[in-house]
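J.: What follows is each chain in one-letter form.
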Amino acid sequence: MSVRSETPGVPEIPAPLAGQPPGETTPPAWPLRALRALAQGLGYAAGLLALMSLTFLALRINPITALMALWEGAFGNASSGHLYPLSETLVKTSPLLLTGLGIVVAWRAGLFSIGAEGQLLMGALSAAALARFASSLPGPLLTLLMILAAMAAGALWGAIAGWLRVRRNVQEVISTIMLNYIALALVGWMVRGPLQERARISPQSEPVPDAALFARIIPPAWSGGIPTRLHSGVLLAFLAAIVVYLYLYYTAAGFGLRVVGQNPEAARAARFPVPKLRMQAMAISGALCGLAGGVELLGIAIRLYDNFSPGWGYTAIPVALLGGLHPLGTVLSALFFGALTAGSGNLERFSGVPSVVINIIQAAAVLAVVGVRAWRARRAGSAED
Amino acid sequence: MRSAREAATTDGPPQAQPNNGVPLLEMVGIVKRYGPTLALNGVDLAVRAGEIHALLGENGAGKSTLMHVLSGLTHADAGEIRLWGHPVRIPSPRAARALGIAMVHQHFTLAPAFTVAENLALDSARGPGSGLPLGTFAAREAAAPALERAAALGWQLDPDARIADLSVGTQQRVEIVKALATQARLLIFDEPTAVLSGDEVEELFQVLRRLREEGHAVILIAHKLAEILAVADTVTVLRRGNRVASCPVAETDARQLATWMIGVSPDSPHPLSPSSGGPHPPAPFPTRSSLAREGRDPTWDDCGPHPRPLSRSVGEGRDLTPAPSPSQGEGRRQAGSPPSLIGRGAGGLGATPGKGAGGLGQTQAKEAEEPGAAAAFAARDILVRGDRGEVAIRGLSLEVARGEILGIGGVDGNGQTELAEALIGLRPIEAGTLSWEGGPFRAGVSPTTGYIPQDRRRVGLAVGMTVEDNLLFEAVRAPQFRRGPFLRRKALQRLASDLIRAFDVRTPSRTLPVSALSGGNQQKVVVARALHANPHWIVAVNPTRGLDIGATRFVHEQLRQARARGAAIVLISTDLDEIAALADRAAILSGGRLHPYQVSEVDQTQLGLLLGGLGAEQAAPPDKPSAAGETA
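Residue numbers (our numbering), protein chains in the order written: chain A, 161 to 545; chain B, 21 to 652.
Just to be clear, a hint being listed does not mean it is correct.
Facing chain B, according to a computed beta carbon distance under 7 Å, are these residues of chain A, among others [what the hints assert, rightly or not]: (1) Thr225; (2) Gln422; (3) Ala429.
Restraint ranges, calculated between C-beta atoms of paired labels, are given here [said to hold, decoys possible]: (4) A:Ala523 - B:Ala463: 31 to 37 Å; (5) B:Arg514 - A:Leu406: 19 to 25 Å; (6) B:Gln500 - A:Met338: 40 to 46 Å; (7) A:Arg533 - B:Arg585: 27 to 33 Å; (8) B:Gly406 - A:Arg533: 49 to 55 Å; (9) B:Ala553 - A:Tyr409: 21 to 27 Å; (10) A:Val516 - B:His106: 53 to 59 Å; (11) B:Ala115 - A:Asn519: 52 to 58 Å; (12) A:Arg533 - B:Arg462: 21 to 27 Å; (13) A:Tyr409 - B:Arg462: 54 to 60 Å; (14) B:Gln176 - A:Tyr409: 51 to 57 Å; (15) A:Ile402 - B:Ala553: 43 to 49 Å.
Simulated from the structure, these hints should not be mistaken for lab results.
Don't be surprised by glycine CBs; every beta carbon is placed ideally from N, CA and C.
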């Protein structure tokens, strides 16, 4: 009883297959697949470049100077050669990558979580609380515990929405948004109450003890004497992408999660533990977002305060969508968003282009890519019958 | 025809009156190409007003594509469509509707959450989208003409009933009325009987004949030869994108049609012998080729055998002949005689103690039927609720032995899905017990279970995932394919490739999305997944619905092999031919209860009553002491 009218009737043998001999089951060898993926990636890159140029043209900005300014802001240039712009790009990438991965896990399970922001805040909050009340612990141990606390708090925040969905059939779209507000308000209260700095001047927490902070990776000597902010937590983000990839595609749990996301009815009929997998997905998603909060606190922010997050948890959704809801695609997409953010300051400084133009580009890119994918899926679908 | 005439004026002079010489519809040389493959290779089709024109062909023959071209869902690369002799362009479904072409889809296009009236109003001239200001839309009024049309057909449709609450047959009526309400002159029915039971099929045929008398042209997409011979006037056979033949039905017979459709003559002394062995349909197919050949219409010049028969191996099949495979022969014999070898009760039907009796007198029945060692699976007095909390199965009992197929027929919506899920432990039973070989029934573990669910797209497959992934739903959780939390991908890939070969899934790659496969190949994926681990306990629900002959034959053979291996099997099917072809014992599920019948002896009236929801006591003829006795 489908309401889709494009595919009435039993699908006949799709035309591209009709002439194929049976038993032709070997997928193309990996170099071919890698080449195809590369070609596709280049296609998307070219498309994004064209889209950015068009956006600048529409705003009467010279696209060449603007793109150059963006590039130098994000990756540096050959003449100066210092690593500061690139490190900034990576620093901006890491919270987007971690929250984006969180979105990937939830959405792949068919749960449209909007809760990355709240989970990130809860992660940062619990890490900050631990730093406050266990500040006497030795540095590396404190770091480890803070990271675990951040992930646990994020996982708990996600699991609440998961539990509400599984047990009470509360739609996660609603519950996660509500939980975001609760987390935001909780942070606001904590930085004015129990967690406020001892001086009691600003609504912010005590700084995390120096010994616990992430190390800065790039020695200033390498970047022309300019200190960079690239910290070891950024590596965690990229590591997390690999872990999520392995989880989704190389474990039985990840397989079950994808089946649940594709078709919960089929998952149930095949005896996958659907409620358990949904809870798991929300908890893992929350843990990744909580980790983003902890990493940001330990690497960059040092303190917890109001507006700790400039909306990473919301930007995470376009990041994940642009990445095709695939962990490795999300790495590229987070890098793209990170580079745009890092480059936007340069753009504003040297071209007089307001940095909000970046938001326009980000939104247009997501719409374009999602639109292209939908169009291709539709074409593939209609060729089917 | 107001709208059709208006539309026609844009293309040429209107042809208001049906011109006797000119067919209502002509499609000439239609070509449709998908990538490198020709889906339609210059197909011609002519349909006259007042004619039921069957379109026959296997999955992939091009029937759906041709109808998509006609209904504006897709565009032909070449060819011409003429209505009343005037060329028309059909760029969109809306244009098709304006030209008086309507399609009754197999997968209904109704909004389940809306009422009958609201669904009918959506298409009506006074419905939303008609330019009326907001707030002036009244579903009941807008739907009134359509409801009158329904009443004229003798259908009482409750305008306030929600679609989701209606049976499939009733939903189809709404769909038909919706199509008629658009003033359509040409109606396309896409395998309308696939979702119907025997009685409903006959009613549908009445409606089709009625539409023919009213001067409509009806195109009937069909798989089943019996239906074509029963209702169609003319038949066009497609095979692999080519028109093989167009012929008045009176000049052909089932055997000829089968030959055209699959490209080789089914080499059998008893064409269509399911009808002779099984209970349904009762009479052999009318062999109309005996009708005078000299009376042939000269325009049907291609009414003859296909010039280039494609070679293709043909074994047995539902629509052809259940050839003498050993297990099949055995099954038939068992069906014909009391299956004493498995120690059932006196009636030999033992499918259920306590059916029809509403839980009374079941103690005796149970004692009388205490099976001894033979029954592997036993369900006793189970009560199962549906998704909305209604009682779907009430006090049902059944037993199945190893090496036996219990066929359960019945009209959709009598608790089939709930029963199937309960039998494999997927749906909790609220009362009663399940047991396996005398011990406790542990879902999915003891016995190992294979499940072929009713709806492959909705329940059987994750259509967005690859063929490989869909084959591995069960395997990924088997210890031999795991290393700690990780999957042994190489071994799984090997298994998937083996299954694709063993179950003849036609796919160019195992990493293709399963949605790209034809329906038959999708079902092979479902069957491969359910059966490859040789489960001891198998429940299959409508395993061949919507499949072509080849795929149907394949699925049946798989079930027979599973039986030969010693699996206990329950086959739940709305297709009584299928049950007759496979089942050792059979019963009708009606109103949540089972009513056994003898596959070989049952008479049509009795079966009809059973299907119609009347209990066994009304349905059992007096000379059937077994059935009558058990229900007493």
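J.: Decide, hint by hint, whether the structure agrees.
T.: Here is how each hint holds up against the structure:
no.	hint	verdict
1	Thr225	43 Å, violated
2	Gln422	4 Å, holds
3	Ala429	5 Å, holds
4	A:Ala523 - B:Ala463: 31 to 37 Å	49 Å, violated
5	B:Arg514 - A:Leu406: 19 to 25 Å	21 Å, holds
6	B:Gln500 - A:Met338: 40 to 46 Å	45 Å, holds
7	A:Arg533 - B:Arg585: 27 to 33 Å	45 Å, violated
8	B:Gly406 - A:Arg533: 49 to 55 Å	38 Å, violated
9	B:Ala553 - A:Tyr409: 21 to 27 Å	23 Å, holds
10	A:Val516 - B:His106: 53 to 59 Å	58 Å, holds
11	B:Ala115 - A:Asn519: 52 to 58 Å	42 Å, violated
12	A:Arg533 - B:Arg462: 21 to 27 Å	44 Å, violated
13	A:Tyr409 - B:Arg462: 54 to 60 Å	31 Å, violated
14	B:Gln176 - A:Tyr409: 51 to 57 Å	54 Å, holds
15	A:Ile402 - B:Ala553: 43 to 49 Å	33 Å, violated
Of the numbered hints listed earlier, those contradicted by the structure are 1, 4, 7, 8, 11, 12, 13, 15.
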